[in-house]
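Residue numbers (the working numbering), protein chains in the order written: chain A, 1 to 227; chain B, 228 to 504.
Read the hints as simulated data drawn from the structure, not as lab findings. All clues given are correct.
No farther apart than 35 Å at their CA atoms in a straight line, the calculated lysine-lysine pairs in the DSBU-like style are these:
(1) B:Lys391 with A:Lys223
(2) B:Lys450 with B:Lys279
(3) B:Lys299 with B:Lys279
(4) B:Lys391 with A:Lys181
Just so we're clear, the structure is a prediction, and the values are computed from it rather than from any experiment.
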Amino acid sequence: MFPANVSTLNTYNDLYPDWTQREVSTGTTIMAVEFEGGVVIGADSRTTTGAYIANRVTDKLTPIHERIFCCRSGSAADTQAIADAVTYQLGFHSIELDEAPLVQTAASLFREMCYRYREELMAGIIVAGWDPRRGGQVYTVPVGGMMTRQPVSVGGSGSSYIYGYVDSNYRAGMSKEECLKFTAEALALAMERDGSSGGVVRLAVISEQGVERQAILGNQLPKFSTV
Amino acid sequence: MASVSVCQYHSGGFSFENCKRNALLEADINKLGFSSPAARKTGTTICGVVYKDGVVLGADTRATEGMVVADKNCSKIHYISPNIYCCGAGTAADTEMTTQIISSNLELHSLSTGRLPRVTTANRMLKQMLFRYQGYIGAALVLGGVDCNGPHLYSIYPHGSTDKLPYVTMGSGSLAAMAVFEDRYRPNMEEEEAKRLVRDAIAAGIFNDLGSGSNIDLCVITKGNVDYLRPHDMANKKGVRTGSYRYKHGTTGVLTKAVTPLNLEVVEESVQTMDTS
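Extracted from the complex, chain B is given alone in its bound form (with noise of 0.2 Å):
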């Protein structure tokens, strides 16, 4: 018998006690020279189309904390399902483990319905969890995927709502890869448009804004079909340096060697093997 009540307060879960301790901390801890811990937040540039087959995702590969790079080359396309993939934005380790939570739980669900899993019932349950935290899983999600009603593309903001649209953009980057949408998006493209539609708005996020960067990843998903194309385009390649500022072998000359070899004895000797089976 399903009960009519909708909100049922669970014992366990986050605990906020310290968050005012946090915001005292925050504001003495600078007179003290000392600086608090950054979360590391992928800055980043997402986005998602909708063309005549599928759906196309893209991402940078630029993870930031504060204003350094910590990881060049990171993943921000994650798996869901095998017709299902989720671009993610913000938090880093929000959005690694919420989309692991949710993959977990739909390839349960998957196996107890016997069907392939729908795009929609990705949504409902990230949109779910979500609103459940209030905003406190900085992740800001484009969903994609091709299920049995077609091809969908979802956007879900980190307070729990979304919207089903055929283009969506997020992130730091996201108003210059819109603008590229903006221009040139047209319903029903066929692959290679569609594919060179999202490079170039995740190459606008990379170029334009600072919180994107490196190189550009793509998933193409279609019926029965996935492309991850990692990286689909370096962008950004390590320069090869024109000259080398090492010293030649003899630039310093050698006036006096003198060499006094040191007598050690081996005292003791005894060997562990490592169990390695």
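Bound-form chain A, shown alone (with noise of 0.2 Å):
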């Protein structure tokens, strides 16, 4: 599951639990939607080290510049320490254009660091916001380093629950309100289900206009379950 490199010589402990040696993951589900205008993306809030919630009203939902945001999974250490990284290059690199710099300039990056250390590094990354030229974007980059965008996009553990519901409630040309509570709705069912999610449903939509952020407390998620 981890690289190899990250094992400990002497294994078990019972005076050092198990989470006080296992690197802290971010477990999660992240989904970005594109719509005519934006981006909705959104994302769980729970960090886990082993079977412990290192934190469970994390904010995976991190700004790389003004519009352009990125969705946050794997490993909590790597993913922090690129995002810094390419909130850096990126900023340099629009003080030099002197103009907002494109979404698929912050996918390029991301994809250029992922790609060139993927042995050292896990990090499942989904890169979206708006800009002038192509409006609404959304870029995926996996483990491994792939850069390919999508209109929607979901990543992280928790992920694999909600294919099935996203391939089929997922509509072109829905509008903005529809993005965000089918966003809300998918991750409220992965982390449902999937132990590695939970805690809050973090929801940002990015347009011309800026950035509005919401949060829906656990009490408020949308229910499915009659059981």
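Hey, can you piece these two chains together into the complex? The hints should help.
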């Protein structure tokens, strides 16, 4: 599951439980959807070390630039370090250009880093945002360093449980409100089934007007099951 | 002209050539009846909480070497800058050295900017260093302080990930301490309530976790003032023995006594004074 060089030499010791030695992982369910005029991004809020929840209110929607965000999944340390590096690179690039950077540029920077250091990193990232040239865009950069644009993308350990839901419920040309509802429901379903996902649902809408953020707390999550 | 590349491999740093050898030795050494030396870990319960006027950091004082207590009263709250302190869990040497290095760099940075250092700067320096060493520096830290933007509290993990939260716990006793926090934390507490909460969280770690023990140290940081309370609470004072196993003089009767003087002559005497200047 983790790269081989992360293992500790002496293994089981009652005095130091599992979660003091395991790397912090974002477990996670993340999602991004394009709509006319922008993108809707969403994530759960759970960070785990083994079986312990290290942070139950994590913000996995990280701003890279004013209207470009990334959704982080995989190793918390790796994704935080990559996001910090790309934020710096993109900020510098934007100052050089004297204009807002393209979402594709941000995605390329992520891809460049994730592919070059693919053996050392464990990071699955979804880059989403709005730029004046091509409007709302979603690019996915999964583990291994591939980069591709998709109208809707899910990622993280919880994504496996909602591929069916997403494939059957996505329609092209949804409005902003429909996209928000679609994302919230998909994330709620994943959080219900995946042990590494949970907490609150964090959503953000990125458009020409800017960024609107919201959080849906546990008791307000959409409910599907009657049992 | 700033370069756009981020990762530069230093020619110095750690050499991991002996890791394979150590793994083989580990397997064979037990057959010979010896055990390999254990790095001293701080076991530990450390925690921090943000309250109305600042942050309160707390730590226990036990350092363990395997199942033996190596130090009954070690100090786990390290100085970073006049307004920033850092609790450390994990390998004792790693937390000590890491905090000292960042404290030194931060002082230079502060002299360069002419400003009081910010907690987020210390956080960035620590996380970038720990990420560079890919988790081999076993330092799990709780960083807290007050700067121009208010009170801040971060938890920093050995692999270099950080979380910015209103209350955090780390170390082997972190679950016990977190249970106390989740029950009683409220935003914008008063100082006395916050100190009581942190004291109780560390106490939960001390009494329910084998790797934590002894006393409770507290550090209260507000704007312009730091109270380093060591010890704040001596939760485990050494008891007074109720009886004594010593034998009184005269218990053993003396039957005979023979004294033989040894005639020793002084051959040579030289005095060399020590330079105490």
